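**Student:** Protein sequence lines correspond, in order, to chains S and U.
Just so we're aligned: the first sequence equals residues 1 to 396 in our numbering.
Just so we're aligned: the second sequence equals residues 1 to 361 in our numbering.
Warning: the hint list may mix true and false statements.
Label-pair distances were calculated between CB atoms; the ranges are [as the list claims (entries may be wrong)]: (1) S:282 / U:35: 47 to 53 Å; (2) S:309 / U:151: 46 to 52 Å; (3) U:128 / S:282: 32 to 38 Å; (4) U:184 / S:27: 26 to 32 Å; (5) U:143 / S:317: 42 to 48 Å.
Stretches of chain U that chain S covers, calculated by requiring three or more beta carbons in the stretch to come under 8 Å of a beta carbon on chain S [as the list claims (entries may be wrong)]: (6) 120-128; (7) 291-301; (8) 306-313.
Hints were generated in silico from the structure; no laboratory data involved.
Predicted model, so just to flag it, every value in this text is computed and none were measured.
From the three backbone atoms N, C-alpha and C, an ideal C-beta is built for every residue, glycine too.
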Amino acid sequence: MGLLKMLLRIFSVAGKEIIEVLRRPGAVVSLVLGPFLILAIFGFGYGGFKKDLATIVVIDPASSLPQDAASYQDLGTRGLSVVEVTSDRAAAEERLRLGQADVVIVAPTDPVSTIEAGAQADLTVIINTTDPVAANYAAFLADTMSTAVNREIYRQGAEQGQAYAITIGGKDLSQVPPDVIASPTKAVLQNLAPLPPSVIGFYGPAALALVLQHLAVTLIALSIVRERSGGAVDRFRSSPLRATELVIGKVAAFGLLGGAIAALSVWLLVNLLGVPMIGSPGSVALVVILLLIASLGLGLLISVISDSERQAVQLSLLTLLASMFFSGFVLRTEEFSTPVQVMSYFLPVTHGISLLQDQMLTGVFTAPWQLVALGGLGAVLLATSWLLVRRELRPA
Amino acid sequence: MVATGAAGTTSRRVQPIDSTKVAVRMVGVGKRYNGHDAVSGLDLEIPTGSVVGVIGPSGAGKTTTIRMITGSLAPTRGTAEVLGEPLGRRSRRTRERMGYLPQKFSLYPDLTVLENVDFVASLYGLLFARRFRRRRQVLELVDLWSVRGRRASALSGGMQRRLELAAALVHEPDLLVLDEPTAGIDPLLRRVVWDEVHRLKERGVTSVVTTQYVTEAEECDLVTLISEGRRVAFGTPDELRRMAFGGDLLEVTTERVFDVAGLGDAAGIHGVQQTGPRDFRLVVEDAGAATADVVQAITAAGADVAAVRESRPTFEEVFATLVERHRAQRAAATAEAGDGGGDGDGDGGSTAAAPTEQEAA
Numbered sequence: 001m002g003l004l005k006m007l008l009r010i011f012s013v014a015g016k017e018i019i020e021v022l023r024r025p026g027a028v029v030s031l032v033l034g035p036f037l038i039l040a041i042f043g044f045g046y047g048g049f050k051k052d053l054a055t056i057v058v059i060d061p062a063s064s065l066p067q068d069a070a071s072y073q074d075l076g077t078r079g080l081s082v083v084e085v086t087s088d089r090a091a092a093e094e095r096l097r098l099g100q101a102d103v104v105i106v107a108p109t110d111p112v113s114t115i116e117a118g119a120q121a122d123l124t125v126i127i128n129t130t131d132p133v134a135a136n137y138a139a140f141l142a143d144t145m146s147t148a149v150n151r152e153i154y155r156q157g158a159e160q161g162q163a164y165a166i167t168i169g170g171k172d173l174s175q176v177p178p179d180v181i182a183s184p185t186k187a188v189l190q191n192l193a194p195l196p197p198s199v200i201g202f203y204g205p206a207a208l209a210l211v212l213q214h215l216a217v218t219l220i221a222l223s224i225v226r227e228r229s230g231g232a233v234d235r236f237r238s239s240p241l242r243a244t245e246l247v248i249g250k251v252a253a254f255g256l257l258g259g260a261i262a263a264l265s266v267w268l269l270v271n272l273l274g275v276p277m278i279g280s281p282g283s284v285a286l287v288v289i290l291l292l293i294a295s296l297g298l299g300l301l302i303s304v305i306s307d308s309e310r311q312a313v314q315l316s317l318l319t320l321l322a323s324m325f326f327s328g329f330v331l332r333t334e335e336f337s338t339p340v341q342v343m344s345y346f347l348p349v350t351h352g353i354s355l356l357q358d359q360m361l362t363g364v365f366t367a368p369w370q371l372v373a374l375g376g377l378g379a380v381l382l383a384t385s386w387l388l389v390r391r392e393l394r395p396a
Numbered sequence: 001m002v003a004t005g006a007a008g009t010t011s012r013r014v015q016p017i018d019s020t021k022v023a024v025r026m027v028g029v030g031k032r033y034n035g036h037d038a039v040s041g042l043d044l045e046i047p048t049g050s051v052v053g054v055i056g057p058s059g060a061g062k063t064t065t066i067r068m069i070t071g072s073l074a075p076t077r078g079t080a081e082v083l084g085e086p087l088g089r090r091s092r093r094t095r096e097r098m099g100y101l102p103q104k105f106s107l108y109p110d111l112t113v114l115e116n117v118d119f120v121a122s123l124y125g126l127l128f129a130r131r132f133r134r135r136r137q138v139l140e141l142v143d144l145w146s147v148r149g150r151r152a153s154a155l156s157g158g159m160q161r162r163l164e165l166a167a168a169l170v171h172e173p174d175l176l177v178l179d180e181p182t183a184g185i186d187p188l189l190r191r192v193v194w195d196e197v198h199r200l201k202e203r204g205v206t207s208v209v210t211t212q213y214v215t216e217a218e219e220c221d222l223v224t225l226i227s228e229g230r231r232v233a234f235g236t237p238d239e240l241r242r243m244a245f246g247g248d249l250l251e252v253t254t255e256r257v258f259d260v261a262g263l264g265d266a267a268g269i270h271g272v273q274q275t276g277p278r279d280f281r282l283v284v285e286d287a288g289a290a291t292a293d294v295v296q297a298i299t300a301a302g303a304d305v306a307a308v309r310e311s312r313p314t315f316e317e318v319f320a321t322l323v324e325r326h327r328a329q330r331a332a333a334t335a336e337a338g339d340g341g342g343d344g345d346g347d348g349g350s351t352a353a354a355p356t357e358q359e360a361a
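I would like the entire structure built from these sequences, with the hints used as guidance.
**Tutor:** Encoded structure:
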């Protein structure tokens, strides 16, 4: 009889939560369609590549270097779009300040003479940005540009047969095409991944993990905070309901809702957005279940330590923000220092993203320990939350 | 102290109370919040099968007392037992025997009337057949069966109150704790609520009720009056009247102008109050027994009695008199204690309340 009553209480808590969620049509629509729409907009709207930077090349009129934009564009420097070649450096810098150009490249006045004198000629790249990522990108492009110009100088030297003795092992290479002499090697990229990378394929599983964590955290956190502020917790204290039954009921309800949303989202991702699904559905389901349990534990923790609905919302959003930065969704976790990497492992979504990407895109778990970590994290979060909920249900 | 059942005609519903069985016992109970005593030194024994009213001014500590009985709050001092088990160690079985109606609406706005009652019934472990039967019974009782499919958010304040009552009753508790059950509902429904409380009493259910309507104290077998977190008085409504005025009251009208000073120290008269040239109020030990003596004394003093009747002061008067007296006593005690008196740590509550009750006794 006791077990029957316990099950009855668990089912009544779970049923109540599900009914409450379903009774809000707006919430249902945003829960079901929201994640899919976000993914679709992201997938279709994000090209995955930066637009070419509008570049002005400053050339001294007396320089032997080409004076037309097409010649520089032909150097094959990816990421730069030469929009103007000018001899007026001040005017070029002014256009950079006004945002009419992204990069100004100042070519050396007489590179050949400088090289003949045994020194490197400066290829000055000027940018105007406060964005560290953009600055790094410009530096990378500047190096690429420098390499291309060097190659061009080699090519011109080889072509004109000037006084450079170009030999390998004492052999005269005058019969070798100048392009080969200037650029003796070329990179050929091979990718061992089962499928060629695609933006939506890569970010789809990650966005799904992020959305599932956020939904689970927010739903369960707000549920308990509302019950506390509405007086229901007071009723629970005087009733036979135990913390175990309350926690299991809520986790079951929001786990079921989250699972249904995850199943629908995966189906839409695969069938409408073309996200690969190489792994087994069972493995994906396992990851989703572990991710939801850990996220619900985190949400419960937030609900117990929040003293108002506003604070619960703030903490949920902070969790989302931390997840965006540190989970590997935007930046790879390996790019962070070790302490921050360790911190990121306490976010369920960090493991969720990695495991879902593994299963959906490659069909294997490249880091199986993350399954254990995610399960352990869920167990610790749920146990801690359960202890705190139990304390809350005791007389105040 | 266990007060015996309401006697005479003062209480509307008089049922014998078995004072040997106690549903709630609180001894020297106090609750301190942030350095402030919400309740202090409270002694209370609620006999099984009685209807006990907890009344007092706003902020007196009524809800704190109620919440300690339900187990929502733990006392910081004293000991308490509910249904034979100490507070804080109550079993699930004991909790299933309690029903609680909180002061504010705490059910779920997005659930329908029926779903809310169903949910609470499930919390209390009502299995299917009994749950289906009881939810209909209680919703019919509070006249909400016809709107059982309506969401709670779409109910009026009074209907929400009735829904709360239905939820408190659905599992047929032995101890019913009602925090202002009649607040915000119309007089007709207030009558229904009290009728239901009395009906439950006939079945042996103990009810502890707070109310903001002082006149509803008449509905109770016993009343505990709380002010500033301390018990001011405890007894039947009649006993509280006697505590307030020192005895029964007689309203007397004479044929001509009469100075009450002429009555002197007539036997059996504890106090007199002139209320008009020919009207005065007497405090006597027992109105029934003293009437003949009073008429005789007035006649002896040279006046003819036109009318004499027993006066039943309203409970507002009783309440105001007892609370004012308690406050005056507290102020005097504080003044005597000087600056060190303060709010006390709770023990003072018992001593402050005791003289009030002893005075009347």
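**Student:** Are there at least three residues in the region 291-301 of chain U whose beta carbon sits under 8 Å from a beta carbon of chain S?
**Tutor:** Since 0 is below three, the answer is violated.
**Student:** Could you tell me whether the CB distance from residue 282 (chain S) to residue 35 (chain U) stays inside 47 to 53 Å?
**Tutor:** Violated, at about 59 Å.
**Student:** Are there at least three residues in the region 306-313 of chain U whose beta carbon sits under 8 Å from a beta carbon of chain S?
**Tutor:** violated (count 0)
**Student:** Do at least three Cβ atoms from the region 120-128 of chain U come closer than 8 Å to Cβ atoms of chain S?
**Tutor:** holds (count 6)
**Student:** How does the Cβ-Cβ distance of residue 184 (chain U) and residue 27 (chain S) compare with 26 to 32 Å: does it lie in that range?
**Tutor:** At 30 Å between Cβs, range holds.
**Student:** Honestly, do residue 143 (chain U) and residue 317 (chain S) meet the 42 to 48 Å range at C-beta?
**Tutor:** 45 Å, holds
**Student:** Given the hint of 32 to 38 Å, check if residue 128 (chain U) and residue 282 (chain S) actually sit that far apart at their C-beta atoms.
**Tutor:** 35 Å, holds
**Student:** Holds or violated: the 46 to 52 Å window for the beta-carbon distance between residue 309 (chain S) and residue 151 (chain U)?
**Tutor:** 20 Å, violated
The structure does not agree with the numbered hints 1, 2, 7, 8 stated previously, though it agrees with the rest.
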